[in-house]
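Student: These are the residues of each chain, in order.
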Amino acid sequence: ETGVTQTPRHLVMGMTNKKSLKCEQHLGHNAMYWYKQSAKKPLELMFVYSLEERVENNSVPSRFSPECPNSSHLFLHLHTLQPEDSALYLCASSPRGSPEAPPGELFFGEGSRLTVL
Amino acid sequence: DQQVKQNSPSLSVQEGRISILNCDYTNSMFDYFLWYKKYPAEGPTFLISISSIKDKNEDGRFTVFLNKSAKHLSLHIVPSQPGDSAVYFCAASAQYYGGSQGNLIFGKGTKLSVKP
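Residue numbers (this note's numbering), protein chains in the order written: chain S, 1 to 117; chain X, 1001 to 1116.
Read the hints as simulated data drawn from the structure, not as lab findings. Errors might be hidden in some of the hints.
[Said to hold, decoys possible] Once the Cα atoms are required to be at most 25 Å apart in a straight line, the calculated DSS-like pairs of lysine-lysine come out as: (1) S:Lys41 to X:Lys1037; (2) S:Lys22 to X:Lys1005; (3) X:Lys1108 to X:Lys1071; (4) X:Lys1115 to X:Lys1054; (5) X:Lys1056 to X:Lys1111; (6) X:Lys1005 to X:Lys1056; (7) S:Lys41 to X:Lys1005; (8) X:Lys1071 to S:Lys40; (9) S:Lys22 to S:Lys41; (10) X:Lys1037 to X:Lys1054; (11) X:Lys1056 to S:Lys40; (12) X:Lys1108 to X:Lys1005; (13) X:Lys1071 to X:Lys1056; (14) X:Lys1056 to X:Lys1037; (15) X:Lys1071 to X:Lys1115; (16) X:Lys1111 to S:Lys41; (17) X:Lys1037 to X:Lys1068; (18) X:Lys1068 to X:Lys1054; (19) X:Lys1071 to S:Lys41; (20) X:Lys1037 to X:Lys1071; (21) X:Lys1108 to S:Lys41; (22) X:Lys1037 to X:Lys1111; (23) X:Lys1037 to X:Lys1108; (24) X:Lys1071 to X:Lys1005; (25) X:Lys1056 to X:Lys1068; (26) X:Lys1111 to S:Lys40; (27) X:Lys1108 to X:Lys1056; (28) X:Lys1005 to X:Lys1111; (29) X:Lys1005 to S:Lys40; (30) X:Lys1108 to S:Lys40; (31) X:Lys1115 to X:Lys1068; (32) X:Lys1108 to X:Lys1068; (33) X:Lys1005 to X:Lys1054.
Given only the sequences and the hints, what does the whole structure look like? Please build it.
Tutor: Okay, here's the thing in structure tokens:
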């Protein structure tokens, strides 16, 4: 099993659809993240969950709705998206706050490539 | 405004030579810096890091240099190998010494091509 698994790897949806991205980590980490990578832009932090509580919401539009039911799973629910939301969505995990782990060493999944028509 | 800048979108180097990737930052609160490497169709993977109390960190063929006064860091790869061809992201974090992990701010990345 890979450390951080994302499904689906590719998703095409219309602007009126509702879909979800799923992330699962098998590393025993206590924090999970959603990042967005648009073309020609840096990775942008969207949400941070630490011990299943959302600790950061980086001014993300409400059409993106995260859910963290437990420390191993993270979802990103999508509804009424816009074509400009087409991007690579990356999930990551880390042992946040652990003195043994270098801060900021995130473990990324392979990403979900989203296309909004 | 970008807090972490990688001004070279691409770099081409001959196998065996040195690759130098540069990164500038604007936020003086950043106290921990990282480099990530990304192959196509894969997520970024952690490569090497450096805290602001150091000016150099070495791990095998990879060395990161930090110049705090210039707010500049660089990644040196010696010798470069074709397998090093990837996109390299610089990232920075604040609040390390505050006892909590700040969130990472990434640059846009530099695509390194190492030619045989």
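Student: Within 25 Å, alpha carbon to alpha carbon, are Lys41 of chain S and Lys1005 of chain X?
Tutor: holds, 11 Å
Student: When you check the alpha-carbon spacing of Lys1111 of chain X and Lys41 of chain S, does it fall within 25 Å?
Tutor: At roughly 14 Å apart (the allowed maximum being 25 Å), Lys41 of chain S and Lys1111 of chain X satisfy the hint.
Student: Sort out whether Lys40 of chain S lies within 25 Å of Lys1005 of chain X, counting only the CA atoms.
Tutor: Given that 25 Å is the threshold and the Cα spacing comes to 12 Å, the pair holds.
Student: Are the Cα atoms of Lys22 of chain S and Lys41 of chain S separated by 25 Å or less?
Tutor: holds, 23 Å
Student: Hint check: Lys1005 of chain X vs Lys1056 of chain X, CA-CA at most 25 Å. Holds or violated?
Tutor: holds, 20 Å
Student: Is it true that the CA of Lys1071 of chain X sits at most 25 Å from the CA of Lys1115 of chain X?
Tutor: violated, 30 Å
Student: CA of Lys22 of chain S to CA of Lys1005 of chain X, is that 25 Å or under?
Tutor: Roughly 31 Å between the alpha carbons, so the hint for Lys22 of chain S and Lys1005 of chain X is violated.
Student: Would the pair Lys1071 of chain X and Lys1005 of chain X pass a check requiring their Cα atoms to be no farther apart than 25 Å?
Tutor: Measuring from Cα to Cα gives roughly 11 Å; hence the hint holds.
Student: With a cut-off of 25 Å on the C-alpha distance, tell me whether Lys1068 of chain X and Lys1054 of chain X pass.
Tutor: Judged against 25 Å, a Cα distance of about 9 Å means the pair holds.
Student: Would the pair Lys1108 of chain X and Lys1005 of chain X pass a check requiring their Cα atoms to be no farther apart than 25 Å?
Tutor: Cα-Cα ~7 Å, so holds.
Student: Checking one constraint from the list: CA of Lys1108 of chain X to CA of Lys41 of chain S, max 25 Å. Satisfied?
Tutor: holds, 6 Å
Student: Straight-line Cα separation of Lys1056 of chain X and Lys40 of chain S no greater than 25 Å?
Tutor: Outside the cut-off at roughly 30 Å; violated.
This entry does not satisfy hints 2, 4, 11, 15 and 31, going by the numbered hints stated previously.
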